[in-house]
Amino acid sequence: MQSAWPTKTRGVRPAGRWMVHPARCRREPYSRLLQFLAVFVLLVLLQFGAQAQNAPGQYAQADIAYGAQIFNTQCTPCHGANGDSVPGVNFRAGQFRVPVTSDFDLRTIITTGVAGTAMPSFNFDTAELTEIIAYLRNMSTFDARGVTMGDAGRGQALFGGKGNCASCHRVNGKGPRVAPDLSDVGATRTADLLLKTLLDPTASMLPVNRSVRAVTRDGKIITGRRLNEDTYTVELIDDHENLVSLEKANLREYTVIKTSAMPSYKDTFSSQEIADVLAYLFSLKGSK
Amino acid sequence: MIFRWRGSFLLLFLPWIALSLAAQVSSDRLLHSSAEPQVWLTYSGDYSSHRYSALQQISPANVKDLELEWIFQAQSLEKFESTPLVVDGVMYVTQAPDDVVALDPQTGRAFWVYHYSPSADSKPCCGRVNRGVAMLGDTLFMATIDAHLIAIDAKNGHPIWNIKVADSAAGYAMTLAPLAIKDEVVVGVAGGEYGIRGFIAAYQAKAGKEAWRFYTIPGPGEPGHETWSGDSWSHGGASVWVTGSYDPELNLTYWGIGNPGPDFNNAQREGDNLYSDSLVALDPDTGALKWHFQFTPNDPHDYDAVQIPVLVDTKWNGNPRKLLLSANRNGFFYVLDRSTGKFLLGQPFAKVNWASGLDKETGRPILTPQPPGTPTYPGVQGATNFYSPSYSPRTGLFYLSTWQDYANIFQETPVEYKAGQRFGGGIVNSPFPNAPGVSRRGPVNVYTDAAGRGALIAIDPHTGQKKWSFDMFDVGTGGILTTASDLLFAGGREGYFQALDAYSGKLLWKVNLGGDINAGPVTYQVDGRQYVVIAAGNSLFAFALRK
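Protein chains in written order, with my numbering: chain A, 1 to 288; chain B, 1 to 547.
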């Protein structure tokens with residue numbers, strides 16, 4: 001692990017602040033008490049580190065912003081602008097294919113790569129590593145700035161009440177599956193995209209979420225939400241929540257409906273209510 | 001008596017004759033590979049890179065009777081981009097990143113595996129992949145992702161020599177199958193996203209000594225150097241990551257050159273940036289440049305020109321002419337005179353808006369840059385890419401795997417060159433979330449055809465017009481094989497492997513292999529039985545007619 005540490009230093013902050021460098025905890029041979037105290041302090045530090053890791057404000061805004069620039073040039077070719085292009089990896093949702101519990105893990109992955117995958121090693125200096133990790137840790141909220149967030153509790157009430165959203169969408173195991181499950185929508189969508197969807201659902205509907213209408217050769221009509229499609233088949237969840245797979249060669253008619261069934265909330269909700277619902281949706285981060 | 005004596009004499013020497021023939025892939029044999037369709041001797045099937053086989057046991061009438069013969073599962077989770085060679089009863093295929101496996105082509109059982117551990121500092125841009133080996137004599141040649149070239153004994157998988165071609169820590173890598181010409185092995189270096197200075201180099205097959213090196217970016221004092229502003233030439237990319245072709249009559253070898261770097265910020269490298277995004281014709285004895293043709297001058301869209309040059313001898317306007325066909329990542333199909341490099345024809349084969357067309361005389365694009373924030377067609381992966389095309393002398397058609405209606409929004413950003421770091425100089429976004437890119441996808445297509453779709457197309461080289469198009473829902477990165485029975489084999493990212501009628505594009509047979517197809521199919525014949533082999537997901541699948 002030690003060899004994974006960067007050798008160049010340019011940073012304004014020491015590398016791996018929450019890690020205790022082995023050289024710093026060398027034992028004093030004459031005092032068991034000091035040893036005990038050292039272990040105690042170490043544990044406290046580690047505990048503090050683990051907590052602080054998730055605490056907001058730990059990462060400087062300047063680092064996050066500069067990290068975003070590095071990310072966009074160095075990482076997006078494979079990971080995509082939203083950090084979710086590699087299957088099994090979603091930076092906004094904190095989802096990785098290899099165990100990542102600390103910033104040190106991230107640092108190791110970036111500097112050594114991941115064997116057996118397309119993830120190469122990168123030669124970033126200490127400051128750049130700090131910045132990239134700052135951005136990775138704050139990606140889900142980075143572009144929420146500029147979007148007005150209201151009260152998530154009020155938003156949840158509107159979601160189930162006035163907005164009638166819960167009559168189609170499912171959240172954390174409750175509600176129908178007719179419309180997309182929103183349990184992790186705050187992790188997989190940016191705040192501005194969520195806002196756009198509330199105001200103009202059709203414009204921001206992902207092509208994969210389009211509904212389809214199929215008529216089989218014997219005249220049976222099937223409507224539902226598309227889950228997957230290829231040259232010869234289409235897989236969907238129908239209006240009765242059945243998973244249905246159809247062979248296109250057996251269909252008389254097949255139409256993809258490009259308008260969303262979801263209404264616009266532009267006139268239904270006040271701007272405060274929009275902000276509240278947005279805060280609620282953005283709080284839905286799914287299970288990691 | 002005499003007859004009997006002669007017979008026994010021959011019998012006495014038969015094992016020796018058979019062995020010496022079986023062992024040797026002589027340079028003469030490589031020159032006449034199309035005369036022995038039962039084997040597959042080079043990456044693209046022959047020096048003309050037709051990926052066409054004279055075998056015809058599998059035909060449109062019986063292709064529906066194809067059955068799975070065996071599966072070889074690679075011990076690798078990387079993309080399987082390798083084209084196997086099949087030589088006298090043995091198949092040689094690479095397993096990512098840099099292993100060579102010798103297999104029985106009838107059963108898929110391995111004879112031996114050569115394992116190479118590339119240096120941990122290797123950083124190929126787009127996956128730790130390998131596209132295959134070259135063979136000359138009894139020796140296999142593999143180019144590795146840490147930019148080494150390794151000679152391996154084909155009989156036992158033991159390394160003979162291993163030389164460092166370039167510095168992998170600085171971003172140099174090799175993913176291509178080498179090309180054996182005469183007594184040399186020719187390779188090129190990848191690294192166009194890391195600010196390398198690209199080159200093509202030839203190595204003596206026996207000794208592993210470098211015979212010549214052609215830099216794809218001219219140095220100070222060389223013609224073309226003036227097409228790079230400042231010191232941009234010294235880290236201008238122009239990589240070479242797909243195998244070239246060879247014309248023995250003209251004694252010229254043809255190679256496609258990759259993008260200039262930084263990829264997306266062309267203001268940092270004013271000028272045409274020769275020989276990036278170009279086709280070069282080199283003397284294989286000296287590496288001297290005979291001619292070049294640049295498809296995309298001062299490219300800001302990463303339109304590498306590494307697509308395989310397909311060499312065709314046919315009549316052009318009534319006269320026999322030596323042609324070079326190339327469908328470029330930039331969306332245009334080109335016909336060049338391969339003796340001189342003269343531009344003869346160019347037509348778009350997909351939606352293109354970065355240029356309104358090509359100059360009729362020179363073939364230079366007429367640029368139509370798109371306003372900032374709006375989509376440019378084709379997107380960064382191109383309208384085609386490294387996917388091997390095919391040419392059938394029977395149909396006279398050029399076949400190609402394409403991405404249609406696919407765009408990206410390009411935004412340039414300043415970038416400073418640092419050895420071994422990404423040198424992109426821009427941000428590439430999709431007009432559609434999760435649109436197709438270089439990454440592998442799982443079994444669910446999350447972007448659908450709205451963000452771009454795949455199509456296998458047939459182009460008439462005389463007009464540049466599409467003869468037919470086989471539309472696929474998802475894009476694909478696989479190659480194409482055609483045969484003398486007028487079959488076309490190809491697959492895509494959906495994992496379907498299909499056989500089409502090469503004349504009409506009509507679907508004749510398909511099978512779902514359940515994994516993305518990133519390689520080109522090959523065919524060969526052993527003990528009177530024709531096989532078709534394709535890599536999908538992490539495995540290699542072999543098909544033959546039901547017995």
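Please note: incorrect hints may appear among the correct ones.
Below are the DSS-like pairs computed for lysine-lysine, each with C-alpha atoms no more than 25 Å apart in a straight line [said to hold, decoys possible]: (1) K182/B / K322/B; (2) K248/A / K506/B; (3) K506/B / K466/B; (4) K248/A / K510/B; (5) K258/A / K351/B; (6) K248/A / K64/B; (7) K360/B / K322/B.
It should be emphasised that the hints constitute simulated quantities derived from the structure, not laboratory data.
| query | Does K510/B lie within 25 Å of K248/A when you go C-alpha to C-alpha? | reply | The hint holds at about 14 Å.
| said: Just to be careful, I want the Cα atoms of K258/A and K351/B compared with a cutoff of 25 Å; is the pair within it? | reply: holds (22 Å)
| Keeping to a limit of 25 Å between CA atoms, is the pair of K360/B and K322/B held or broken? | Holds, at roughly 20 Å.
| message | Please verify whether K182/B and K322/B have alpha carbons no more than 25 Å apart. | response | holds (21 Å)
| message | Between the alpha carbons of K248/A and K64/B, is the straight-line distance 25 Å or under? | response | holds (20 Å)
| Taken at face value, is the distance from the CA of K506/B to the CA of K248/A at most 25 Å? | holds (16 Å)
| query | Given the proposed pairing of K506/B with K466/B, does the C-alpha separation stay at or below 25 Å? | reply | This hinted pair holds, its Cα atoms lying about 15 Å apart.
The earlier numbered hints are all upheld by this structure, with none contradicted.
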